[in-house]
Amino acid sequence: MLTTSTEARASRAATWTALRDVTDWPRWTRSMTSVERLDDGPLRLGSRARIKQPGMAPLVWEVTTFADETEFSWTNHSPGVRTVGRHVIDANPDGSTRITLELHQTGPLAGLLNLVFGRRNRRYLELEAAGLKAASEAA
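By the numbering used here, the letter at position 88 of the sequence shown is numbered 88, and the numbering carries on one by one without gaps.
The reader is advised that the hints may include incorrect statements.
Taking lysine to any residue pairs in the SDA-like style, the calculated list, with each CA pair at most 20 Å apart, reads [stated by the list, open to error]:
(1) K133 x R123
(2) K133 x T106
(3) K52 x P93
(4) K133 x P26
(5) K133 x P93
(6) K133 x V35
(7) K52 x A13
These aren't lab readings, by the way, just hints derived from the structure by calculation.
When you get a sec, could you build the whole thing from the sequences and use the hints?
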């Protein structure tokens with residue numbers, strides 16, 4: 001599992017607002033080329049999005065866990081691998097937030113894919129965390 005965390009000088013509400021608007025992610029992270037929602041309304045359990053990342057084919061992700069203003073995970077099923085991306089927003093006592101992002105892969109090809117793409121995946125996770133921090137602090 002890959003994980004990264006950062007602290008943002010922004011409220012949990014501001015951070016959640018930036019995180020929940022997934023179609024806006026390409027504006028604040030270079031790890032996303034495009035994010036297209038495949039349903040309407042606010043992000044929720046069962047929401048789906050087609051995501052294009054640099055150097056990768058577009059993948060469809062479905063929200064599989066959701067706790068409003070706290071966290072969501074989404075899952076992609078590809079041949080030989082299941083990938084879960086988890087996004088957690090924790091409020092700190094001083095009003096700032098701790099952003100934690102995780103990427104977990106399972107399945108017969110998970111080890112090979114991590115060997116080949118692990119460095120890129122870690123970089124994308126770090127870019128996403130830094131971008132979310134900047135977007136929430138600018139709100």
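Between K133 and P93, is the straight-line Cα distance small enough, at 20 Å or below? Holds: K133 and P93 sit about 17 Å apart, inside 20 Å.
Hinted pair K52 and P93, Cα distance within 20 Å: Measuring from Cα to Cα gives roughly 36 Å; hence the hint is violated.
Check the hint pairing K133 with R123 against an upper bound of 20 Å on the C-alpha distance. holds, 15 Å
Does K133 pair with T106 here, judged by a C-alpha cut-off of 20 Å? Violated, at roughly 28 Å.
Assess, step by step, whether the Cα of K133 is no farther than 20 Å from the Cα of P26, and give holds or violated. The hint holds at about 14 Å.
Please verify whether K133 and V35 have alpha carbons no more than 20 Å apart. Status holds; Cα separation ~19 Å.
Given hint A13 paired with K52 - CA-CA distance at most 20 Å: violated, 27 Å
Comparing the model with each numbered hint stated earlier shows that hints 2, 3, 7 do not hold.
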